[in-house]
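Student: Build the full structure now, drawing on both the sequences and the hints.
Chains as they are written, first to last, in the numbering used here: chain A, 53 to 307; chain B, 53 to 307.
What the hints contain is simulated information worked out from the structure, not anything from laboratory work. These numbers come from a predicted model, not from an experiment. There's no promise every hint is true.
What the hints assert, rightly or not - DSS-like mimics (lysine-lysine), calculated; alpha carbons at most 27 Å apart, straight line:
| hint | chain 1 | residue 1 | chain 2 | residue 2 |
| --- | --- | --- | --- | --- |
| 1 | A | K139 | B | K63 |
| 2 | A | K125 | A | K139 |
| 3 | A | K219 | B | K63 |
| 4 | A | K219 | B | K248 |
| 5 | A | K63 | B | K63 |
| 6 | B | K125 | B | K248 |
| 7 | B | K219 | B | K139 |
| 8 | B | K219 | A | K248 |
What the hints assert, rightly or not - Stretch-level coverage of chain A by chain B, calculated; a stretch enters the list once three of its residues show a Cβ under 8 Å from a Cβ in chain B:
| hint | region |
| --- | --- |
| 9 | 157–169 |
| 10 | 181–187 |
Don't be surprised by glycine CBs; every beta carbon is placed ideally from N, CA and C.
There are 2 protein chains.
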Amino acid sequence: MATYPVTEQTKANRYAERASYDAPLIHSILLASPLTHVSFIPPSTSPDSPPTHPSTLPMLTALAPSPSSPSEKVIYLHGSSLSRLTKLCSTPSGLPVTLSTTLLDGYVLALSPFSHSVNYRSAVIFGRAHLVTSREEILAAMEAITNRLVPSRWENSRVPPTESEIKATGVLRVEIEGASAKVRRGGAHSERRDLKDEGVRGRVWTGVVPVWEEMGQGVEGGDNEVGDVPGYIEGWVRGENGRRRAWAEEGAVDE
Amino acid sequence: MATYPVTEQTKANRYAERASYDAPLIHSILLASPLTHVSFIPPSTSPDSPPTHPSTLPMLTALAPSPSSPSEKVIYLHGSSLSRLTKLCSTPSGLPVTLSTTLLDGYVLALSPFSHSVNYRSAVIFGRAHLVTSREEILAAMEAITNRLVPSRWENSRVPPTESEIKATGVLRVEIEGASAKVRRGGAHSERRDLKDEGVRGRVWTGVVPVWEEMGQGVEGGDNEVGDVPGYIEGWVRGENGRRRAWAEEGAVDE
Numbered sequence: 053m054a055t056y057p058v059t060e061q062t063k064a065n066r067y068a069e070r071a072s073y074d075a076p077l078i079h080s081i082l083l084a085s086p087l088t089h090v091s092f093i094p095p096s097t098s099p100d101s102p103p104t105h106p107s108t109l110p111m112l113t114a115l116a117p118s119p120s121s122p123s124e125k126v127i128y129l130h131g132s133s134l135s136r137l138t139k140l141c142s143t144p145s146g147l148p149v150t151l152s153t154t155l156l157d158g159y160v161l162a163l164s165p166f167s168h169s170v171n172y173r174s175a176v177i178f179g180r181a182h183l184v185t186s187r188e189e190i191l192a193a194m195e196a197i198t199n200r201l202v203p204s205r206w207e208n209s210r211v212p213p214t215e216s217e218i219k220a221t222g223v224l225r226v227e228i229e230g231a232s233a234k235v236r237r238g239g240a241h242s243e244r245r246d247l248k249d250e251g252v253r254g255r256v257w258t259g260v261v262p263v264w265e266e267m268g269q270g271v272e273g274g275d276n277e278v279g280d281v282p283g284y285i286e287g288w289v290r291g292e293n294g295r296r297r298a299w300a301e302e303g304a305v306d307e
Numbered sequence: 053m054a055t056y057p058v059t060e061q062t063k064a065n066r067y068a069e070r071a072s073y074d075a076p077l078i079h080s081i082l083l084a085s086p087l088t089h090v091s092f093i094p095p096s097t098s099p100d101s102p103p104t105h106p107s108t109l110p111m112l113t114a115l116a117p118s119p120s121s122p123s124e125k126v127i128y129l130h131g132s133s134l135s136r137l138t139k140l141c142s143t144p145s146g147l148p149v150t151l152s153t154t155l156l157d158g159y160v161l162a163l164s165p166f167s168h169s170v171n172y173r174s175a176v177i178f179g180r181a182h183l184v185t186s187r188e189e190i191l192a193a194m195e196a197i198t199n200r201l202v203p204s205r206w207e208n209s210r211v212p213p214t215e216s217e218i219k220a221t222g223v224l225r226v227e228i229e230g231a232s233a234k235v236r237r238g239g240a241h242s243e244r245r246d247l248k249d250e251g252v253r254g255r256v257w258t259g260v261v262p263v264w265e266e267m268g269q270g271v272e273g274g275d276n277e278v279g280d281v282p283g284y285i286e287g288w289v290r291g292e293n294g295r296r297r298a299w300a301e302e303g304a305v306d307e
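Tutor: As structure tokens, this is what we get:
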């Protein structure tokens, strides 16, 4: 799938030039952060009182090939509030969910505060969440989520899991029904009026302060007996830090 | 206000020991990120088809004293999709919204993949969003949002705003009805079973990889005539980078 269909839900209404339905772009945003914000409409507590607010939970995610259609992607979720969600996702039709992931790439400082902005990448996914019940799919999802946190971590930790670990785990599979991305990248843009004002230009610094998620040196736990941080972790930290910094810095100027 | 009331919406159902209703903690999470995810239940397109999915938008925020009750806080929003939201927030009762802000502080690597976790700070706010119509409040909100992006930026950019800037701006004020935070901080914790297994302990590194939002050196725009990055920006970048790194690193071990 090269693009997701434009639906009533995903159609951009402002800054349409920043919107995209490109599947590889949307997937790259999901891959850039292990966290997503999962929103859903909670069930009514009584027929006379429909829900007013969505419920929202931050959860850990992984993007993986769909078990039923491997050329498509699904999103697996594993989080801290599964018990309530698990029930809601256990019906045959599943639970409609909206996922939102955003990365901040820079502070964009123009002459007027009203022309300030941020560089960012944001993906919103509309889908349906189902509780995963197959042993095989739970294992595949947990491997994907673990290796999404740290590449190669699954095979470098204590596997295979025990039966009780598998039974105690709640994994949700989100089938993607629609998705869109919004991206702002580039330098600060000021109004012509301000650019003509030499007094303002001589006084107000304009440009971009790049920002990225930096990882530090691994801090060993009290129980650790392995000694130094292993190469697969150290290489990942160094490589990611370099790529993330380059992405933010290169995005700070117009192409 | 020292704590927010525990409501049906904010009551923790899993990992209750990580949940908090402490107002200063919740405010500190909102202050730590300029972005929040705003979710709301969209209006029905027809009486027979109730909405299925929440709508979610990433938006820029600022926490500020409430104009009607200065000892309370409100949240101002200014984002990229205001035109649709603006209409929905223009009614006297406003629009119910759920805000979610999460900061990732570390990757927590235990012996078993099922004991892996992340260190994080997350706040979920249930509130009502109103379109701000008073000129004075729009100005105060835009000043708060601008200085939330970069401290002292408002007075160091081209102010006062023009009448057309004020008229074209959509600012929403969210009155907080309920709020909760979830926080995980500390080292990796493994199951007793795994800790007794010397083969596993001799092979699997355990600990925390700290992570924080790092800011780079300001990249000047093509229109910039001020030269070097001014001290109020450079000092902010340096100070924040140090504080954020220290927060993530100190959180990587048990207290």
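Student: Hint by hint, note whether the structure agrees.
Tutor: Tested hints:
1. A/K139 x B/K63: Holds, at roughly 17 Å.
2. A/K125 x A/K139: holds, 24 Å
3. A/K219 x B/K63: holds, 26 Å
4. A/K219 x B/K248: Holds - the C-alpha atoms of B/K248 and A/K219 are around 22 Å apart, at most 27 Å.
5. A/K63 x B/K63: Roughly 34 Å between the alpha carbons, so the hint for A/K63 and B/K63 is violated.
6. B/K125 x B/K248: violated, 50 Å
7. B/K219 x B/K139: holds, 15 Å
8. B/K219 x A/K248: holds, 22 Å
9. 157–169: holds (count 8)
10. 181–187: Violated, because only 0 residues of the region 181–187 of chain A bring their Cβ atoms closer than 8 Å to Cβ atoms of chain B.
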